[in-house]
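Asker: Given next are the chains, with one letter for each unit.
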Amino acid sequence: MRRIIILALLLEGMRLVLPLGTGSSSAHSLLTFGFLILAAYTSGEVADSFRMPRIVGYLVAGVLFGPSALNIVTVEATNELAPVSSLAIALIAFLAGAELRWSELRERGRAITLILTSELGITFVALSALLIGLRNYVPFLQSAPTPTMIGFSLLFASIAVVHSPAVTMALLTETGARGPVARTTLGVVLVSDVVVIMLFSAVLALARALVPPNTGDVAAISLGSVVWELGGAVVVGTVLGAAVALYLRFVKRELMLFAVLVTFFGSEIARLVHVETLLTLLTAGFVMENISRDGDGDALRHAMERSGAPVFVVFFALAGAAMAVTEVVAIWPLVIPIVLVRAAGIWTGCRIGGRWARVPAKTGNLVWMGLISQAGVAIGLATVIAEVYPTRGAPIRTLFLATLAVNQIAGPILFRMALARGGELGEEETATTTAVAST
Amino acid sequence: MSSTLLLVLVAASAYLAAHVVFGWLGRKYLVVSGAEYLVLGIVLGPHVTRVLTPEVVDSFAPITTLALGWMGAAVGMRMYLPDLVKVPGVTFRLALAESALTFLLVGGTEMIVLAWLYEISLFQAALPAAALAGIATASSSAGVELAATRLNERGVEVTQLGVSVLVNAIVAVVSFGLLASIWHRPVMVNDRPLTATEWMTITLGMGVIGGVLFHLFVGDERESDRIFVSLAGGVILVSGAAAFAGLSPLLAALVFGAILVNTSRNRAELATSIAHVERPLYFVLLVFAGAAWQPGNSAWILPVVLFLAIRALAKVGGARLVTRINGMLPVLGPDWGRGLLGQGGLALAIALNYVYQDGGTLPYFVFTASIASVLLTDLMSARLVQSVLAPLIERRHALLRPADGPPAPDGGP
Numbered sequence: 001m002r003r004i005i006i007l008a009l010l011l012e013g014m015r016l017v018l019p020l021g022t023g024s025s026s027a028h029s030l031l032t033f034g035f036l037i038l039a040a041y042t043s044g045e046v047a048d049s050f051r052m053p054r055i056v057g058y059l060v061a062g063v064l065f066g067p068s069a070l071n072i073v074t075v076e077a078t079n080e081l082a083p084v085s086s087l088a089i090a091l092i093a094f095l096a097g098a099e100l101r102w103s104e105l106r107e108r109g110r111a112i113t114l115i116l117t118s119e120l121g122i123t124f125v126a127l128s129a130l131l132i133g134l135r136n137y138v139p140f141l142q143s144a145p146t147p148t149m150i151g152f153s154l155l156f157a158s159i160a161v162v163h164s165p166a167v168t169m170a171l172l173t174e175t176g177a178r179g180p181v182a183r184t185t186l187g188v189v190l191v192s193d194v195v196v197i198m199l200f201s202a203v204l205a206l207a208r209a210l211v212p213p214n215t216g217d218v219a220a221i222s223l224g225s226v227v228w229e230l231g232g233a234v235v236v237g238t239v240l241g242a243a244v245a246l247y248l249r250f251v252k253r254e255l256m257l258f259a260v261l262v263t264f265f266g267s268e269i270a271r272l273v274h275v276e277t278l279l280t281l282l283t284a285g286f287v288m289e290n291i292s293r294d295g296d297g298d299a300l301r302h303a304m305e306r307s308g309a310p311v312f313v314v315f316f317a318l319a320g321a322a323m324a325v326t327e328v329v330a331i332w333p334l335v336i337p338i339v340l341v342r343a344a345g346i347w348t349g350c351r352i353g354g355r356w357a358r359v360p361a362k363t364g365n366l367v368w369m370g371l372i373s374q375a376g377v378a379i380g381l382a383t384v385i386a387e388v389y390p391t392r393g394a395p396i397r398t399l400f401l402a403t404l405a406v407n408q409i410a411g412p413i414l415f416r417m418a419l420a421r422g423g424e425l426g427e428e429e430t431a432t433t434t435a436v437a438s439t
Numbered sequence: 440m441s442s443t444l445l446l447v448l449v450a451a452s453a454y455l456a457a458h459v460v461f462g463w464l465g466r467k468y469l470v471v472s473g474a475e476y477l478v479l480g481i482v483l484g485p486h487v488t489r490v491l492t493p494e495v496v497d498s499f500a501p502i503t504t505l506a507l508g509w510m511g512a513a514v515g516m517r518m519y520l521p522d523l524v525k526v527p528g529v530t531f532r533l534a535l536a537e538s539a540l541t542f543l544l545v546g547g548t549e550m551i552v553l554a555w556l557y558e559i560s561l562f563q564a565a566l567p568a569a570a571l572a573g574i575a576t577a578s579s580s581a582g583v584e585l586a587a588t589r590l591n592e593r594g595v596e597v598t599q600l601g602v603s604v605l606v607n608a609i610v611a612v613v614s615f616g617l618l619a620s621i622w623h624r625p626v627m628v629n630d631r632p633l634t635a636t637e638w639m640t641i642t643l644g645m646g647v648i649g650g651v652l653f654h655l656f657v658g659d660e661r662e663s664d665r666i667f668v669s670l671a672g673g674v675i676l677v678s679g680a681a682a683f684a685g686l687s688p689l690l691a692a693l694v695f696g697a698i699l700v701n702t703s704r705n706r707a708e709l710a711t712s713i714a715h716v717e718r719p720l721y722f723v724l725l726v727f728a729g730a731a732w733q734p735g736n737s738a739w740i741l742p743v744v745l746f747l748a749i750r751a752l753a754k755v756g757g758a759r760l761v762t763r764i765n766g767m768l769p770v771l772g773p774d775w776g777r778g779l780l781g782q783g784g785l786a787l788a789i790a791l792n793y794v795y796q797d798g799g800t801l802p803y804f805v806f807t808a809s810i811a812s813v814l815l816t817d818l819m820s821a822r823l824v825q826s827v828l829a830p831l832i833e834r835r836h837a838l839l840r841p842a843d844g845p846p847a848p849d850g851g852p
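Keeping their order, the protein sequence lines are chains A and B. In terms of our numbering, the first sequence opens at residue 1 and continues consecutively. In terms of our numbering, the second sequence opens at residue 440 and continues consecutively.
Extracted from the complex, chain B is given alone in its bound form (with noise of 0.2 Å):
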């Protein structure tokens, strides 16, 4: 039987099943579906069973591309403005924070650690430490809306949740742009290399074109089938052109969905539209991602479960201090960081862009490292954030009952 039926009689097994099974598991147990299609991927991978060879993986790298470039794009139709004017600053302020205080801790602290380890220079080991700790900040969305749902809640500590996961993706994609621009092998136009500035204004120019060439291909268009197209069509050419020369699709296509969402009247279409597709090429992405994994020799772990310690430290402490500093633990309490450390797709998609990319320091190590980490926190994200939601909305209830009603809190808003 080739690779390529059996694959497809696999995924499309598995991700029907996940309809059926895993969302009946998802309600029941608070169960995150996606780690498992990443264990599928390693065990059918060129380094367990082979029924993936390096060929067939290889052969799909258009579609894990394509892949990244929706994902960012999901992303970017989150940043929706008018919306976004309506939460209150402290909520970002937090958000930026904690994020900052993510990427800032987790990668100064690999930086030392790769150094030593592998016997490199910091500035060597500062490529591979910058996009751990851009995978670090990233956060799953997954576990809030699952938890957010069983709880039936939408309250403060959600709003808070939903959009430090926001923040915590922007940053991540951002930052890891960024990279992709500093450390871009030279390419010599007009008799210079380009600078790490013109390529980010590449990469943003890319999600720009892309933006105003959707607007000027639907025109005044509201069938959904066109629109879909225009929209299949963007991501394509936004995400194929980045990863051509070498930058990221996922800031370019964040760039090109967040303009999308603030200027088309089609909204709730293109919403729908993306949502649509990025389940199954999020799934296509898990069982690739676990395939194109390569084991290292032991000097991985040490930093891997150091990478989890310290970006699990991050996420609690980083936000509990930023929420005292801002005096907002009465409100969220000391433990809503423990609601971040979900990770699931997202993480992945940037690993994986850094394995893409020419050039990169030590990637399968930083792969290695992502798949641990939403190996171990995607399946139990939502029950995290139901721990922490749990009693913050109790309390919360319990302060808004009758005055004869149990007292409240010491502390209790």
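So here's chain A without its partners, still in its complex pose (with noise of 0.2 Å):
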């Protein structure tokens, strides 16, 4: 009732406020982000309630406020508040590497190798074969020759395989699971990150190999470019991690605000050099928790998701604002097969690289729904292709919006459930959610 309280509260606040604005969009994005803030997290709230993920709450809100349905967050505010979400993928990026230690990447690095291998290998696969069997109703590959259909039915599959670190991260931190699960699951999702990039930049080099481009002036992706890309990104983010520990060693105050540059010098260093900013950032992090001392990175990182508490919750927010709901039901037809066959390559080749790598059963039954998500990383790469191929690529990222909406709300839903039968919730989901509640 309170939770119904404070939604009507500001909805009808924003009813009345929103006719007496003067036209300024910066005063418009702050308003938007107050408002999403209180109603995403009570949303969330909401969700939690039903023993839903938050992050689902977040979603839904976005969703239900945003341009598809009531409008209160217009598509302009989605705009103004860009910098939000990509501030909110940097702390997120750096948290997740803080999580990873090198004891437990030595522990768990070959069960993780051999997963992720299986199933980005039969997910592309079979996502490939479906989109190919199936030419005929997929808006981009009707009446194509054969090269063009192999073509975009790879391209398609190699950023349909990617998973979602942010989803992952937020609802560890929501429910502090710290079980072979989610050290496992996290692991995967974090380094599908640099692998589902490399794959791209393959599988785009070979597409434009089968079918080229008509615009005359785009840039060829080159093996350079994409090893300075990744192996950059490795070596700032080692530098920025090794100048953070420094920072904790000797200064160590003001971790709020610390928390806040750093991702924001992270990122803006990472665009500069042309590095992939979620691995500079994930690696800063990673060696930052590694040669700190000890307690010095769960004080960053505790700042770090203090100060974050707000931005994430607007960022899921947003991404739901964004959300192609209608595109959905416009072609559902479509991607309710693509949601499934890809789920399907998912856990076959989770349960095939769980045999293999000898993972306790459990853990291998149970990896592959905490993989169903999708991130944003995946939008950026189906931008890529609508701009060496504008003609195709727009349906491309369509349907791929379409499918993206589907997994990133049966996603963290399918994870929780993927915590709680692994034992991983629990005590540690009582003494957390609170802590850790706003994300």
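Think of the hints as simulated: they come from the structure by calculation, not from any bench. It is possible that some hints are incorrect.
[Said to hold, decoys possible] Derived, one-sided and incomplete: chain A residues facing chain B with beta-carbon distance under 10 Å:
hint	residue
1	Leu-9
2	Leu-20
3	Ser-26
4	Gly-34
5	Phe-35
6	Ile-37
7	Glu-80
8	Arg-306
9	Pro-310
10	Val-313
[What the hints assert, rightly or not] Just so you have them, the derived chain A footprint on chain B, three or more residues with Cβ under 8 Å:
hint	segment
11	500-510
12	615-628
13	649-662
14	672-679
15	683-697
[Said to hold, decoys possible] Partial pick of chain B residues on the chain A-facing surface, computed with a CB cut under 8 Å:
hint	residue
16	Phe-667
17	Val-668
18	His-715
19	Asp-797
The structure displayed is predicted, hence computed values, not measured ones. C-beta: ideal position from N, C-alpha, C; glycine also.
Using the supplied hints, reconstruct the complex from the two chains, each of which is provided in its own coordinate frame.
Answerer: The following block contains the structure:
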């Protein structure tokens, strides 16, 4: 009842204030930001009361208040708040890296590699085959010659296999889960981001060979640029992480402000030197955690979680607002098979990979549920396709966004189920739900 | 190197350096940190080195608006009624009278001077004059805190200064909120423009609803992260709503803060959270206020100098007058108003809010006057307070010495 009153007050307040606007976009973005913090957080609590992840509540709030429904959060407002999303991604990447310990990587490295190889490979092949099989129904494959059909099927599959570090981290922070399912899933998700970028680059090169783009001034993606983008990110991230560890060792003050500045600074540096932002901050967090003194890393992580709390809520709400709900409805006969085949590929790959790595059956049978969510990284890749192939790239992006919408809702629910079945919720969730409830 | 990156580097290193260098400077030389960030902003701004372009400054407008709201909430959080009712009534009388005198004197003088200098009507000059009056009323608490800590004193003199600073802040914020309501551009609702009273009600209502939402949101929670999210969400919503409607985020957030401090069970946690974020936002505000400054023509020099002189006269002379009228000269002495000369972030916040308002007359002159006042008085504010407190405290201690000690000075309590 209390939550309904909050949402009603917020909605009515916005309804009264919006007509009074002076047209200042900066004030409008601040107002929208404040509204989303409270409304999305409340929606998260409603989701929690139905035993669903709070992230689902944040996403649903975005869909409900966004352009697809009530339009309280307009398209312009979502564009104005883009820096918030960038900051959130940077914070999440740093926190994700700080979750990984070298000893743990050594312990689980083989399992992560084998599971990842298996599930990515099987899912990629399955999705490519599905699209080729359904080519007469897929907008960008209809009447396409064979090389085009193969090239674009592979392109779509290469971005559809991506997972979501943001959702994984947010759910682990919300639940406090630290068991083998949680740690293995996190490891697979984090490494997959790097692998998918390499896979996408290779597939795009192949597609360009099969289907030369019409646009004459699109720069080729060379092997060198990909190597720099990834290798340089590791180098830059290492230096940044070491600098953070030094700060924690000798200064260790104003950690909340420092946390925001580090992520802001790290993303800006990554952008300037053209390296992969997510990997840069992930590496920085990993290095910081593994070379700083005991307790220092925890202090910074807590400060980051605290300062990032309102940012994360708004980030997922904005992701919900950007969801292509109408596209899902329009092309659902195509979306559902893709979603199901992707899930089946992940499930099969994880089981095979888990057995191959001799992972305990309980873990191997549950990890796949944490890999369903999809992330904004793939949206960026879909945008690259649209730039290289403007004609066919737009429907690829549309179809991808539609499948992403379904997976973004289903993914957190399934992951939470996996953690529950693995016995990794319970006491941790009770103890930490309020502590990290903001994410 | 991008402007944004350079700004991050500069702001970060400057802020962190403050804890090492300026903290030490403050303790050793009784210097308040703040004005140097203003100078930094001016130097980096579009009119000096152009490191911060106008586009970059504009892109940070949401953060400066948030800083305004956060400062307003911080002022409101100091209005804890159970503590305020313990303060003697005469303390409030002196504070309120001094604030009113300063407001009227500065406002009246500036209205005449601006009308004459810029050849505008008295009505047109009234708006910037009233804004300047509000800015002149505000005083800095940093100097009072620093000096009191240095002297290790919390007696009646420090209480008077502390209460005066609070009342100054409230009068300044409320008067500016009224200005924003009175001079609001017409907005048609139900086929008629809203009146000033309605705009003021809306401003206050935003703060009230923000407070209600906070309590509904927090519920029975006591966990600090949850409270922080609620607080941040509330301040952002209230300041954003007020700024969006062309009203004063300072006043709306002040009401929000006042409601929170007087109705919440988590008062200590809230005060800590507010203070923790206020300081970095304050420095951001100073840097961007400096970067947002625009030099006008030479006609601003005379009214700015006059503003500084009249303000000093009002603070010192006005405080002396009201003290004499209330028979408190033996307790507070004639010059305690000197301790109110220091100006800090609140004066700049009001000036920046005025610049952001639609339809404000002479915005950059008002802004220049506030910057000049802050630059001149902020660094010295603690020394000014000490110069007032030290003799009073010494006199009080002398009177309390045993009977065979030195005789009490004439007029002593």
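Asker: If a hint holds in the structure, say so; if it doesn't, say that too.
Answerer: Structure-based check of each hint:
1. Satisfaction of the interface hint for A:Leu-9 is found here, the shortest Cβ-Cβ separation to chain B being roughly 6 Å, below the 10 Å cut-off.
2. Residue-level restraint check for A:Leu-20 holds (minimum Cβ-Cβ distance to chain B is 4 Å; threshold 10 Å).
3. Contact between A:Ser-26 and chain B, as hinted, is supported at the beta carbon level, the nearest pair being about 4 Å apart and thus within 10 Å.
4. Against a cut-off of 10 Å between C-beta atoms, the interface hint on A:Gly-34 holds, since the closest Cβ of chain B lies about 3 Å away.
5. Interface restraint check for A:Phe-35: the shortest CB-CB distance to chain B comes to about 6 Å, inside 10 Å, so the restraint holds.
6. Among the interface hints, the one on A:Ile-37 holds; its C-beta lies about 4 Å from the nearest C-beta in chain B, closer than the 10 Å criterion.
7. Restraint check, A:Glu-80 versus chain B: the minimum CB separation of about 8 Å is within 10 Å; hint holds.
8. Satisfaction of the interface hint for A:Arg-306 is found here, the shortest Cβ-Cβ separation to chain B being roughly 6 Å, below the 10 Å cut-off.
9. A cut of 10 Å between beta carbons decides the hint on A:Pro-310: the least distance to chain B is about 5 Å, and the hint holds.
10. With 10 Å as the threshold, the beta carbon of A:Val-313 comes within range of chain B, its nearest partner Cβ sitting at about 7 Å, so the hint holds.
11. Residues of the segment 500-510 of chain B with a Cβ under 8 Å from some Cβ of chain A number 4, which satisfies the need for three, so the listed coverage holds.
12. Remark: the segment 615-628 of chain B is confirmed as covered by chain A, as 3 of its residues place a Cβ nearer than 8 Å to a Cβ of that chain, reaching the required three.
13. Beta-carbon proximity to chain A at under 8 Å applies to 7 residues in the segment 649-662 of chain B; the threshold of 3 is reached and the given coverage holds.
14. Only residues whose C-beta sits within less than 8 Å of a C-beta in chain A count toward coverage, and the segment 672-679 of chain B has 8 of them, enough to reach three; the restraint holds.
15. With 3 residues bearing a CB less than 8 Å from a CB of chain A, the segment 683-697 of chain B meets the requirement of three and the coverage assertion stands.
16. Interface restraint check: B:Phe-667 against chain A, minimum CB-CB distance 6 Å, threshold 8 Å, status holds.
17. About 5 Å separates the beta-carbon of B:Val-668 from the nearest beta-carbon of chain A, less than 8 Å, and the hint is met.
18. Hint on B:His-715 holds. Least Cβ distance to chain A is approximately 7 Å, under the 8 Å limit.
19. With its C-beta approaching chain A no nearer than about 6 Å, B:Asp-797 sits inside the 8 Å limit, and its interface hint holds.
When each numbered hint is compared with the structure, no violation occurs for any of them.
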